[in-house]
Amino acid sequence: MIHSLFLINSSGDIFLEKHWKSVVSRSVCDYFFEAQERATEAENVPPVIPTPHHYLLNVYRHKIFFVAVIQTEVPPLFVIEFLHRVVDTFQDYFGVCSEVVIKDNVVVVYEVLEEMLDNGFPLATESNILKELIKPPTILRTVVNTITGSTNVGDQLPTGQLSVVPWRRTGVKYTNNEAYFDVIEEIDAIIDKSGSTITAEIQGVIDACVKLTGMPDLTLSFMNPRLLDDVSFHPCVRFKRWESERILSFIPPDGNFRLLSYHVSAQNLVAIPVYVKQNISFRDSSSLGRFEITVGPKQTMGKTVEGVMVTSQMPKGVLNMSLTPSQGMHTFDPVTKLLSWDVGKINPQKLPNLKGTMSLQAGTSKPDENPTINLQFKIQQLAISGLKVNRLDMYGEKYKPFKGIKYMTKAGKFQVRT
Amino acid sequence: MTDSKYFTTTKKGEIFELKAELNSDKKEKKKEAVKKVIASMTVGKDVSALFPDVVNCMQTDNLELKKLVYLYLMNYAKSQPDMAIMAVNTFVKDCEDPNPLIRALAVRTMGCIRVDKITEYLCEPLRKCLKDEDPYVRKTAAVCVAKLHDINAQLVEDQGFLDTLKDLISDSNPMVVANAVAALSEIAESHPSSNLLDLNPQSINKLLTALNECTEWGQIFILDCLANYMPKDDREAQSICERVTPRLSHANSAVVLSAVKVLMKFMEMLSKDLDYYGTLLKKLAPPLVTLLSAEPELQYVALRNINLIVQKRPEILKHEMKVFFVKYNDPIYVKLEKLDIMIRLASQANIAQVLAELKEYATEVDVDFVRKAVRAIGRCAIKVEQSAERCVSTLLDLIQTKVNYVVQEAIVVIKDIFRKYPNKYESVIATLCENLDSLDEPEARAAMIWIVGEYAERIDNADELLESFLEGFHDESTQVQLQLLTAIVKLFLKKPTETQELVQQVLSLATQDSDNPDLRDRGYIYWRLLSTDPVAAKEVVLAEKPLISEETDLIEPTLLDELICYIGTLASVYHKPPSAFVEGSRGIVHKSLPPRTGSSESAESPDAAPSGAPPSEQPAVIPTQGDLLGDLLNLDLGPPVSGPPVATTSVQMGAVDLLGGGLDSLLRSDVGGSPAMGGTGFTAPSAVMPANLGPPPSGGLGDLFDLAGGVGTLSGSHVAPKTVWLPAMKAKGLEISGTFSRQVGAISMDLLLTNKALQVMSDFAIQFNRNSFGLAPAAPLQIHAPLAPNQTVEISLPLNTVGSVMKMDPLNNLQVAVKNNIDVFYFSTLYPLHILFVEDGKMERQMFLATWKDIPNENEAQFQIRDCPLSAARCACSRPSNQKQLVPEHTAW
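Protein chains in written order, with my numbering: chain A, 1 to 418; chain B, 419 to 1311.
Since the hints were derived computationally from the structure, they do not count as laboratory data.
Certain hints may be false.
What follows is a list of derived Cβ distance ranges for each label pair [claimed, not checked]: (1) A:S11 with B:Y823: 54 to 60 Å; (2) A:T40 with B:A998: 41 to 47 Å; (3) B:K546 with A:S244: 44 to 50 Å; (4) B:D651 with A:G302: 57 to 63 Å.
Result set (BS3-like, lysine-lysine): computed pairs, CA atoms no more than 27 Å apart in a straight line [what the hints assert, rightly or not]: (5) A:K350 with A:K63; (6) A:K193 with A:K298; (7) B:K453 with A:K413; (8) B:K963 with A:K388; (9) B:K745 with A:K410; (10) A:K316 with B:K777; (11) B:K777 with A:K413; (12) A:K193 with A:K63; (13) B:K820 with A:K316; (14) A:K63 with B:K745; (15) B:K963 with B:K842; (16) A:K135 with B:K820; (17) A:K378 with A:K350; (18) A:K337 with A:K410; (19) A:K350 with A:K413; (20) B:K963 with A:K345; (21) A:K21 with B:K584.
Beta carbons are placed, not taken as given, at the ideal position from N, Cα and C, and that holds for glycine.
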């Protein structure tokens, strides 16, 4: 199982180590540093690194490498999933996950890590339970603790730990009972230079924020559950009920949680809400190139596309760009060759456009790689897959909760080739 | 008020200061001090000197302080064992605490103190905690057993903790079950022989129930444990599959992959005609696709596993090509894996899309990725014949870009395309030759030289081109030197008049000025060939080459089957069995897929339950890069090759064994003439099969009875008369007849070699292909004097059964290659099974019954023996003895 954990910052300092079994010398990280050196960028460090006596599995998030050391045959996905869970927990506890924050809260971090694993076996990874065991630091609590001498370690057994609903603690009480659901869809797409879709898929999630008193039993039904043929559920969802009736039936955890994530595959037709018209030409034998892109709405179901951001990694041969946008701000970094254009809202009457010239390195031939355009956008009140929640019912409690549902579509990895 | 203040006191006397604070009377100050100590510890500072002071803080009712002290103890107890004893009393007391949280915490911490002296004190509290009324304590105690086992395995066994742990598998609380399984699995890993996880249908049922209710991590442990279970029949396998399938929708990718492992393994047992089989296949695709939308690290592991799954069951993901398309900001390790899977999934239906993508990738920035993309285009051409033309033109386009590494990769793959589709695309040679000067990598140079040599007659200035390479002969790498040597000899044989000087030059360079034995040997052989018999030389050097097969990097089927059992583990990431890399894997049990037990197949003989597909379905794995000549030269006629002919990617010639490859193709084309072998003189054995040794090709146990029964006695003294195995007309005048015999425990093959040709034969050697029982020559073929025309020599070749094993059809089929100074000849024959039986196989009745029971049920087959001349009693005794004798030999299937 998981032997040790090292946290390493981007400059290569090990700033935290935790061992769940015998102590593994931090020199084991030298193998990691070697691999890091070979990979040109932090993102490219291979996730599994073998060393003579151990295996190093790492994830890179928030500019920190979380390196787990294992000695025996352990499912790598198990370790990587766990590491991501560690990061999520830190984020949950401290709001952000960064070196500074971790150092500021090192004792809590250490306590949390100790609760998460025992002898390398996961112990408590649900943030609900962890927060009962070790209370997250807040300014108020610190003040109270110093005055009363109490601690931020709970001395009761977390109530949920062993019940049939381990994700929910008993005795929850709210004065305002509310349940919010956010349907968020991300489109991953590759569009080729002629504008036709090479591949497009939708990753959707339903995130919930449930603040309900007692032990509510909820059911959520959809207008078109057929869309959901590839789903992953939170453990609270009763799978049998879904299989037979296509209804989500569950006793929710308290607070924020991800109810389900789903995937609408490339085989279904995926609506593409925006298009990009581009004209980028590098002329041979001339030190100037032309550059023009226009962004426009496509299948938006009448909703506004906003938060549009265009980024593109230009070829090395581009020295500088002089461009004029019809709206928004644009920057070009001549060192990293990164062009970014913050477009904002798309007005269908007056399409945003960015036009100008590129100065190219003289004497070199036409660059052999074409820049790919990366697009970000948001569409409120629309789930692009067409998924719609029908109704939410609550059983088991008497009060009337306030219910809310929100839809949003975002660009995931949305790329346009040129 | 953050913890960073604990790091600020770095001035001298820090330890001293902390000591004072730790011994302070004020609780608050004490706690702050311990926090400082912990903070120093986490960043790797040595604060072990404070041990006694920290331990003194342990007796407290403040839970946070207690936890902090425990944290400290776990870290430093090892370095201060004597001091650690001081803490024991508190631990024992805490194990009796009314608060289950404290009981659990105490038992948990005690297990982490890796000091021998302490472990003795630990046993009693642990025993109590294992039977605690609170499940939280029980589950913590279960893990503690694993910890203790790690420190002192003997103690755990002596104290009977393992049995208690096994009992916990039937605990009422799913969390306790999951932790017990996890602990047992970890213990079992270091004790592969112990039968710790002895699973039976009842315990399986318990596990499946717990699976639905425990945490995600517990589910992983339980699923991994389930995967080791061998269901007794297909119905049980199906019911387990049905209960595992819902796990495919879990949000935790590790749970999903472990479920996939269980399903992939148990699917083996389901009949393909079953509706459920099809449903299951359909259910497997979506979760695998979903894994690809996770974080890149998870994607990487998923992709490595999908690579295995796609090779085992391509039908699962055949429609999902698009999800493997590469996004430009994927990390490089994800890109390379996706590319691999794209090629595996490429088919006629999607090839246009794939090619368009690959062409796109070939213009990306990352050099490794671009190279692999170019290579992938070549592999597509070889895999999907219809696309070959488009691939070639794409490659030509890429060569026009003049990007150096693209050109080099393109040339390497075009060479392979030539091998696959001879006389089709040679028109592009001119374009290739234009880029000759830009090649600086050995592999590309060697490929180009091979092309020039192979098509010397179509390239006007072939001699000039090759001569230009010759100038720096000694600076070239070995593979280029070898290719150059071969290419020039080819050129000479094609255009002898103009190139005499060139060939002499290269031969002398290779034989006189080189230190490389491979190069020298090859040089000498060419030299001798050319000087003694130029016609023969031409026949050898310019012989037609076998076509290369479509996929060259498939994992060998038996390894693949083993790896399928390891889906989701490190083994699946490295594509190597755990025994190959896991440290301390002493005696790791090789896992294998369960045999299919569909009712339709149960009528077949036990040996008809192989783990993989029948040979005809197996993809052809033929060495691609070798040159027939090179193979011939290196024909290894010593002991038989052990490994299968795995394709090598290097151009290094002669690394592949012709015999292995040839016989493999022979196997695929079943016993019968093999067109692929061209003029190498292969004999169809059915024509010369002796009547009493020629059972119908149905194979299996039927033959076994036939043979044993026909022979009539199992004493081993019977020797069938010699029959002709290799007629003279098929083998350029060499006639071989023979038989098998067993004398006093030794097997031998008695051969009669007759030279019916007009020339003298010499340099005999023999080699067997892998076969069902690992038969192999125990000594080389001893024919010292050359065999004159019309002379006959009788020889007895001792055999043993230590060779490599591969199931043959029929079971007792043996494929043999015989070489002499003229050629290599292949034939196959059937050996009577009784030669394998040991004489002293008599068994006591009890023991026999026990052995009989040990043979798994699926190995049993029932059928009627008709027209049997033997009496019923005789039959009854001869049949079991067959079974019995075969037991030790059957392990390979």
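Are any of the numbered hints broken by this structure? If so, which, sorted upward? 1, 2, 5, 7, 8, 12, 16 and 20
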